[in-house]
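Novice: First to last, the sequence lines map onto chains A and B. Residue numbering for the first sequence is 0 to 357, as defined by numbering that gives the first Met the number 0. Residue numbering for the second sequence is 0 to 362, as defined by numbering that gives the first Met the number 0.
Hints were generated in silico from the structure; no laboratory data involved. Hints should not be assumed to be uniformly reliable.
Said to hold, decoys possible - Taking beta-carbon pairs under 8 Å as the criterion, some of the chain A residues facing chain B (in silico): (1) Arg66; (2) Pro72; (3) Asn75; (4) Phe96; (5) Val147; (6) Ser148; (7) Glu149; (8) Gly151; (9) Ile161.
Ideal Cβ positions, reconstructed from N, Cα and C, are used throughout, including at glycine.
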Amino acid sequence: MKTTLLTTLATATALSLTMAPAAFAQQDTAEACFVYVGSATDGGWSQAHDEARQAVDEHFGDAVTTRYVESVPEANSEGTIERLARSGCDIIFTTSFGFMDPTIAVAERFPDVKFEHATGYKTADNVTVYNSRFYQGRYIQGQIAASVSETGTAGYIASFPIPEVVQGINAFLLGAQSVNPDFSLKVVWVNSWYDPGAEADAAKVLIDQGVDVITQHTDSTAPVQEAEARGIKAFGQASDMIEAGPTAQLTAILDTWAPYYIERVQAVLDGTWESESNWDGLADGILTMAPYTNMPDEIAAMAEETEEAIKSGELVVFTGPITKQDGTVWLEEGEVADDGTLLGLNFYVEGVDDQLPQ
Amino acid sequence: MRIELIKRGTPSATLRYLSPIIGLTLAVITGAIMFAIMGKDPAVALYVYFVEPLTEAWSVHELLIKAAPLILMGAGLSVCYLSNNWNIGAEGQFIVGALAGSIFPVLFTGFDSFIVLPSMVIFAMVGGALYAGIPALLKAKFNTNEILTSLMLVYVAERLLDWLVRGPWRNPGGMNFPESVRFPEFARIPQLMPADGRANWGFIASVIVAIAIWVMLSRTLKGFEVKVIGTSPRAGRFAGFSATNMIFFSFMLAGACAGLAGIIEVAGASGQLRPIISPGYGFTAIIVAFLGRLNPLGAIVAGLVLALTYLGGEAAQISLQISDKATRVFQGALLLYVLACDTLILYRVRFTRTPRATVEAAE
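Okay, chain A solo, but in the shape it has when bound (with noise of 0.2 Å):
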């Protein structure tokens, strides 16, 4: 047994000695760390990242060495986050909503360390936010739902009431109403990111309802698949889930983190990392579809055309004139909604068939 201990304390030591420099080498390494609120292969939210950094340690071979921490409940992170900062990450990704106010604490604390929070608002000066305009991705798909359903309804699988789901459903309905005015959206709140149960319900209730295209603001392919089952059309959401229905998927929207966090931690290589706010989009490449399958030509031609107008910033989403769900008047003929309302927004447009839960 001691001779144990003492192999056991000798290694140990060891290894201390070896982690101990590395950070301070200026800018020829760097140690690039993520924290995930899911499990690193959830083949969604969680995994999206993961395939990000994956990429990462791919682009700068032995320059960066890149470290995760899966599962990290959103309770009481902070403790995951500090012990992050302090074994020598240069740069920390913290990847989901709940992380923030732990991120800022811990960012006090460590003024030499970055850090980059995913999809929040508070920043600081060594912590930057960054996020993804995934409605501009709704909207195509609005687009795409209006000139496929017969029966002029979709419907949409929600996770929780925050304003990047209200954008959401938002976009998606302003773009179907570019196509038909009159297209109405039935939306079933699930109340989680991840829960392929509720979520294969919710599709059966919408399909019964008689809506014949579906979209989700979920990660799992349980609505797919229940779309491939009914013969209806769906949308895959954060990955590619054309597996899941190979005749029911229209399109997909895609996290691509890579590029920003390639960008981030050559910053961090070159000493040029300042805290900003970002929110990229289709234009950036954070942001892709999946090809556009099982449509008309016409109508996929009709998609491209509009991703390809987000991209030249030809078109915003949310451009006036929009109307309010109580019927008030939101953006005038021409006016376009500031980032500020965006990132807050807590009201559904008009022709949205449900009650925003308050």
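Starting from the known structure of chain A, fit chain B onto it as the hints suggest.
Specialist: This is chain B only, laid out in the frame that chain A set:
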């Protein structure tokens, strides 16, 4: 060769204390094999798991933060289980306690007075106790199975918290995100040694409460009553003890402990309410209670050990890139072995060469 288990005449006192150590040793061996198969040096992995989290002051603070709710709830639940009341809803009582205690900082943000923090603590304990009183009442009046009702009420509490932080208690300045305002400084539990880490007085409180419950159990008539009713309800009745009163006493005591743990968590480490405030402390506390031999002092040790496995799992992920799943397998093995080794307290192991048939014939 066969292995036989032979019931002991009396439970072995030695093994009562030795069995967790045997379990721990078996878990360490299993873990070492598992880490070796994964291509990690077992010695390093075990060091990272069990020792590294204790090598730095701030990390010890994190340990105390995680241990406090486990100790409190583990000690409270011990009283329930000793008296044969199967309260498995500590998680819900934790949440309701946290909510009741948060009424002041969330609804009366400007009310700065020395009385706020003590009131929060009292509200939390009362809230947790009353919430635990529901399954107690159902059991006492309608003979409802308390395992089911207390568990179901966990989900009710989770929904209540979810609704509050997304609705009425949402931070008005929080961009519609689901969280409450951050508690002002006067509504936060003071830190023990702010220079070294984040641990707060909640840990000290948890140890004091655990000791108090131990004194109650081992030195008072009430404690005797708990044990008599637990081991023999009939004997309890003859002694004039009321099993019905015991249902309320044990549930509400455990509920008050859980409520206190809840407010310690939100007014201590977190500083605000979120849709999820507990990584399952209330359920882990059930394991803490049993690992601690249903002894509140044991719960202190067990709470610290389980808190260490959480931190160790995290450290192993960070420094060795051992998957979260592997660390959970290791945690599971640890608990399984420790609890399985309890068999040794009641049974003697005999290795025998005699085939089964012969034994039966002989009998």
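Novice: Could you run down the list of hints and mark each one as holding or not?
Specialist: Going down the list of hints, with the structure as the test:
no.	hint	verdict
1	Arg66	holds, 6 Å
2	Pro72	holds, 4 Å
3	Asn75	holds, 6 Å
4	Phe96	holds, 6 Å
5	Val147	violated, 32 Å
6	Ser148	violated, 30 Å
7	Glu149	violated, 35 Å
8	Gly151	violated, 30 Å
9	Ile161	holds, 6 Å
Consistency with the previously given hints fails for numbers 5, 6, 7, 8, ordered from lowest to highest.
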